[in-house]
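Here's the letter readout for the chains.
There are 2 protein chains.
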Amino acid sequence: MAIMNVKALTFDVFGTVVDWRSSLIREGEALGKAKRLSVDWAKFADAWRGLYQPAMDEVRSGRRPWTKLDDLHRESLDKLLAQFGIKGFTEAEIDHLNRAWHRLDPWPDSVPGLTRLKRKFVLATLSNGNVALIVNMAKYGGLPWDAVLGAEVARYYKPQPECYRTTAALLGLAPGECMMVAAHNGDLGHASEVGLRTAFVPRPNEHGPGSNRDVTPARQWDVVAKDFQDLATQLGC
Amino acid sequence: MAIMNVKALTFDVFGTVVDWRSSLIREGEALGKAKRLSVDWAKFADAWRGLYQPAMDEVRSGRRPWTKLDDLHRESLDKLLAQFGIKGFTEAEIDHLNRAWHRLDPWPDSVPGLTRLKRKFVLATLSNGNVALIVNMAKYGGLPWDAVLGAEVARYYKPQPECYRTTAALLGLAPGECMMVAAHNGDLGHASEVGLRTAFVPRPNEHGPGSNRDVTPARQWDVVAKDFQDLATQLGC
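Chains as they are written, first to last, in the working numbering: chain A, 1 to 237; chain B, 1 to 237.
Hints are computed from structural coordinates only; laboratory data are not their basis. Worth double-checking, as some hints may not be accurate.
Claimed, not checked - Quick partial rundown of chain B residues pointing at chain A, CB under 10 Å, derived from the structure:
#1 Ile25
#2 Gly141
#3 Leu235
Unchecked claim - Below, a list of computed lysine-lysine pairs in the BS3-like style, where the Cα atoms sit at most 25 Å apart:
#4 A/Lys139 - B/Lys139
#5 A/Lys7 - A/Lys120
#6 A/Lys118 - B/Lys139
#7 A/Lys120 - B/Lys118
#8 B/Lys118 - A/Lys139
Small disclaimer: the values here were computed from a predicted structure and weren't measured. Positions of the beta carbon are idealized from the N, C-alpha and C atoms, including for glycine.
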């Protein structure tokens, strides 16, 4: 079986490992309460995430030079603060809110599952999040990565193939020795085109209740697991 | 005190965290015994390390394009096998010996010291070793890095300033928020020129018994510790 050769698992992070939406809502509500604001923070979180792909597209297309995700997040945040009519934040408060992305909560199975998987595999991030963001998030949530790689190190945003290829190369592995783990069929499709093996772990609550995005595997991925504990079991950890 | 601002410790690895010389001798002797060879493996290890700086100089000078340390090690190894008259190794055996650099033993205080330091600081490697080498070594020896950065990610070998600067930048930190930890006065001097804080941890046995290289601090570094446990104590961990 092809997955016998897998030496490293490469992880999508936002949505797959951490629950960005609930965490942003939590951070927004805490700040909103302190500042006595009336804001729909769920709407705010969705709008912020909504600006994610268009912001990266500017970089992917070459229309702007490499810009790390912290800076793209900040530009989107500035737009949204204006759009939602939120005023009176200090620079330090805006920066703190922007770094909410560094303080996203892991799904309940993430840390115990990764801890099991780490015994047998190299665990690397293959995220569009910049290194500092992913490192700080790992400290915050106790995520036991062996290596923080992905977009900023490759200087290409997913799903550009160089992002997957460079991550495998930095690990000293052929693409087929890496398995992409993601809650998103699209990410797995692009990883697969470059030769990575694939594991789908659906996160039905990523976009909040009632969402129907990526709840089932779109193709026959190498592994389909219900969470990271199940993934560890299926991979013999 | 300036070191109050330090958020990340960036580590030299070869010699500072791991005992490359004893480990290479151990690997050489095991292979030599299996192949019934009579080789002075201490001499071999020193000769291999002796080709380290000249090999990187070719890259630093721009005379050759970026080449990762695994490949430089391999070229040096091929030369030394000829020079020492060692014959009859298969390609797999030569590759295994080359990867002895992925299986270097930590000094006895390294893992317990790093484990304490990790509670308070981001721990990143700032080594000339390539990512796969450092990741595999961490798996082998249980080194709890938060991030594997340094030369291959920066695409500059130490002591070129870009290597230190890029590592700090990827951590999202100013140079003064990083403290370089090394057993080598030269490394600390170059880190200091770029603005990093400095911690000297002498490893008097790095070059074998009777060596007098780097046994004492050449300047008044921010911290001088006798090992990583002492470093943890001095940094309040």
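A quick look at each hint next to the structure:
1. Because the beta carbon of B/Ile25 sits about 24 Å from the nearest beta carbon in chain A, more than 10 Å, this interface hint is broken.
2. Annotation: B/Gly141 was flagged as interfacial toward chain A, and the flag is violated, the nearest CB pair being 12 Å apart, outside 10 Å.
3. Below 10 Å, beta-carbon pairs count as interface contacts, and B/Leu235 has none with chain A, the closest being about 16 Å; its hint is therefore violated.
4. Among the hinted pairs, A/Lys139 with B/Lys139 is consistent with the structure: their alpha-carbon atoms are about 19 Å apart, no more than 25 Å.
5. Taking the CA atoms of A/Lys7 and A/Lys120, the gap is near 8 Å; set against the 25 Å cutoff, the hint holds.
6. For the suggested pair A/Lys118 and B/Lys139, the alpha carbons sit about 9 Å apart, so the restraint of at most 25 Å is met.
7. Taking the CA atoms of A/Lys120 and B/Lys118, the gap is about 23 Å. The hint holds against a cut of 25 Å.
8. Of the supplied pair hints, the one linking B/Lys118 and A/Lys139 holds, its CA atoms being roughly 9 Å apart against a limit of 25 Å.
In this structure, the earlier hints numbered 1, 2 and 3 are contradicted, and the remaining ones agree with it.
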